[in-house]
Amino acid sequence: MLTILFDGIAYGMLLFVLACGLSVTLGLMNFVNLAHGSFAMAGGYITLVLVNRLGVPFFPGLAIAFVATALIGALFERTLYVHVYNRSHLDQVLFTIGLVFMSVAAVDYVLGSQQVFIQIPNALQGRFELFGVGIGRYRLLIIVICGLLTVGLQLILAGTRFGSRLRASVDDARVARGLGINVNGVFALTFAFGSGLAGLGGALGAEILGLDPTFPLKHLVYFLIVVTVGGTSSITGPFLASLLIGIGDVAGKYYVPKFGAFVIYTIMIVMLILRPQGLFARAAGR
Amino acid sequence: MPSQLVAQVTRRLARRARWRPLEYVFWLAALASIFLFPGRHLILTEIAWLGLFALSLDLILGYAGIISLGHAAFFGLGSYAAALLAKHAIITEPVLALLASGACAAVLGFATSFLVLRGSDLTRLMVTLGVALIMREIANQIPEITGGADGLQGVIVAPILGMFDFDIFGHVNYAYCLSVLFVLFLLARRIVYSPFGLSLRAVKGNPLRAASIGISVNARLVAVYTLAAFYAGVAGALLAQTTAFASLDVFSLERSADLLLVLIIGGTGYLYGGLIGAVIFKLMQDWIANLTPQYWQFWIGLVLVLIVLIGRDRIGQWSGGLRALAEQVVRRIAPGAMSPLAGGSGKEVAGEGH
Amino acid sequence: MPIVLETKDLEKHFGGIAAVNRVSLQVEKGARHALIGPNGAGKTTVINLLTGVLRPSAGRILLEGEDITALEAYRRVRRGLARTFQINQLFLDLTPLEAVGLAISERMGTGGQWWRLVGTNPAVVEEIVEILERFHLTDAMHERTGNLPYGKQRLLEIALAIACRPRVLLLDEPAAGVPEDERHEILATVAALPADVTVLLIEHDMDSVFSFAGRISVLVNGTLFLDGPPEEVARDPRVKAVYLGESLDA
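Chains as they are written, first to last, in the numbering used here: chain A, 1 to 286; chain B, 1 to 354; chain C, 1 to 250.
Just so you know, the hints here were simulated from the structure itself, not pulled from any lab data. Among the clues, some could well be false.
With a straight-line Cα cutoff of 27 angstroms, these simulated DSS-like cross-link-like pairs (lysine-lysine) come out [what the hints assert, rightly or not]:
id	chain 1	residue 1	chain 2	residue 2
1	C	Lys-29	C	Lys-8
2	A	Lys-218	B	Lys-282
3	A	Lys-253	A	Lys-218
4	A	Lys-258	A	Lys-218
5	B	Lys-87	A	Lys-258
All chains, please: the whole structure from these sequences, using the hints.
Have a look at this one:
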């Protein structure tokens, strides 16, 4: 059972890294980016090409994937997304779904539709026993990396000037602008960073979640659930929500395999009924 | 004199609901298509039920302002219901089965309607998507009933009203779908021009003020959501009956997303948007699929992106202009036809046009 | 005169802040009752509580003796309580004709009918025309509301509330944002309201208040500070102090 907990935590933390960019985007600019999963997919496939085809070692591959996806995110943000910031949510949904369709088809065209596997180093394969609990090496790596990222994010948010600008902008963009904060700049940087994180998550998660062109659509629901349940005004909200969902999903699929998937959807709907603004959200100043 | 003004207003309101010449043209063309394009009845049938499906989304999106990413839930339920009714010979007559399937979808719509009453647009997106995915998962988890991932096969559809047998060329299929579409369209048209329909537009425009003049906002939304679910269920049932098949993808996100595109292409809020969008979408899909059968989703995505970038308002203006032009042409050909409203809200059939 | 609208120790908290603090207000039938106070005093919050847009944290609201504290907003309208908004809340895509018609149909109970067409109920149409004439909106009645000039929109704002035939009407700064030359029309319309309609009015223009109101309640920081006839309020030196921002000795 502890193994299940462990696996659930690994999945949850992975989800968090994948989804936190989406959460900040939504909280910061009130922008529904359903194409967030496409950036994750991009990171995964970039790592695939680097590691499997070009022989780049795993960890540098991850790092390059992060940077590359962040750059792609920045590019898309400046050229495409800027045009739809002020549109209705429906427009944003349509726009980003369109991007998802395009990305899914493009990847299918270039790299084929079968599921792919990134070659992970031998040291990370298999599991070992620790106090009677089965610990998967790769999952342990995920927990470590994601844990470090989470701590790092929290430090940036709480300890740096950029972090306080970001928090101010999320809280109330209009007032933040009035204070001289370059909210658009903050957003561009955050969007790029969030996309990079998604890309890293996609690369890390290829082993666990599976990587194929339908990735953005398959996992979209989970990202949205994290954001909805966790709220958009903090890091801890989505973090705890991700853990909840990760553990719930793994445990659900193990203990009640027929209804495993329902557990997650039901949690989401119940949450939305009880607390439409998310479990952990404070009242935003919007 | 006041009574003169009253009479004038009454006349004007009555004129609003009257059929425009362009509407006659549309339905005459639809009727004619049965005879003019006998070889294209398969795609025309798809256009018919897709148009009905889009019409049902227009009811909640264009008229009540509810954004749904999971309208496929009702479509899929109607589809499976119709397939199962036929396969297990519970209700063999297709029209009755159609009504029963629509009713099933309506029950689901009613049950889930309270989920979309509260919350922001994003919440509604999430909840509707969640419901559709749950439905898909349910269908996936009971393969002994639904056929699971392989789909439900062995559906045999009896003759319509005991008289018209479905034929392999799809002629009866098409006439059947078109008739169902027409009847349900008439009903929808009546509803949107009624006080109920007007109150929906008010709720969409300003729910706070709607409540402040005594409109029970939740009751209206539940009613229209249930109705839209019925329509979507019927559309799904038509799909099942005309293809003798039902599969899990009726519940998919892609289907709900495609549906949004269909409605957006045609324009929301004036009832014909879904129908026109269905025609354009299917023809476009057919054309693109002939060019690049595997990757047509890319071009669909591109169309979506472009539509949003160009702006639905601008497209609405263009289509409004096109429609005004078409009206002029028709009036020249048939000078006895009535003239459209001058001024007013800009769109001649109830509602805005984006 | 009997009390038609009453609050008992009405409270509303937002987080730690009491926006409305134990307000006990009484409005007599047929009154011209003004609610005044500096910005942020909670006047609009009181209106929102009275109409059901907000739920109170504590306290009760009685309409003609009936406890409506838990009643939904739209039901209060059907009980005879209507309001206007400080910032126009209109149906921008509907015409004044349609909007007023909606309010009237809802009142008559025919608003939910889906089988008959709009405009086929002669009683409704007659009343729409009558109201639009009263508010001088007949020349604009087929225009899209969003295209109307602000003054006409403001008149429509009031017309919509009147179309509900309220017994108690809550007006939230009816002349707000209206240019000087059009304010007269708005205020004349308010003054011309039937005598049996009870009016509770939020207003900042003191001339209008003192000429219109038979009774004035002063709200400061969520608390009902003073309540009485205009002469009494005008005489009280604390009222001026409150408006000028000076601190009060309790």
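Hints the structure fails to honour: none
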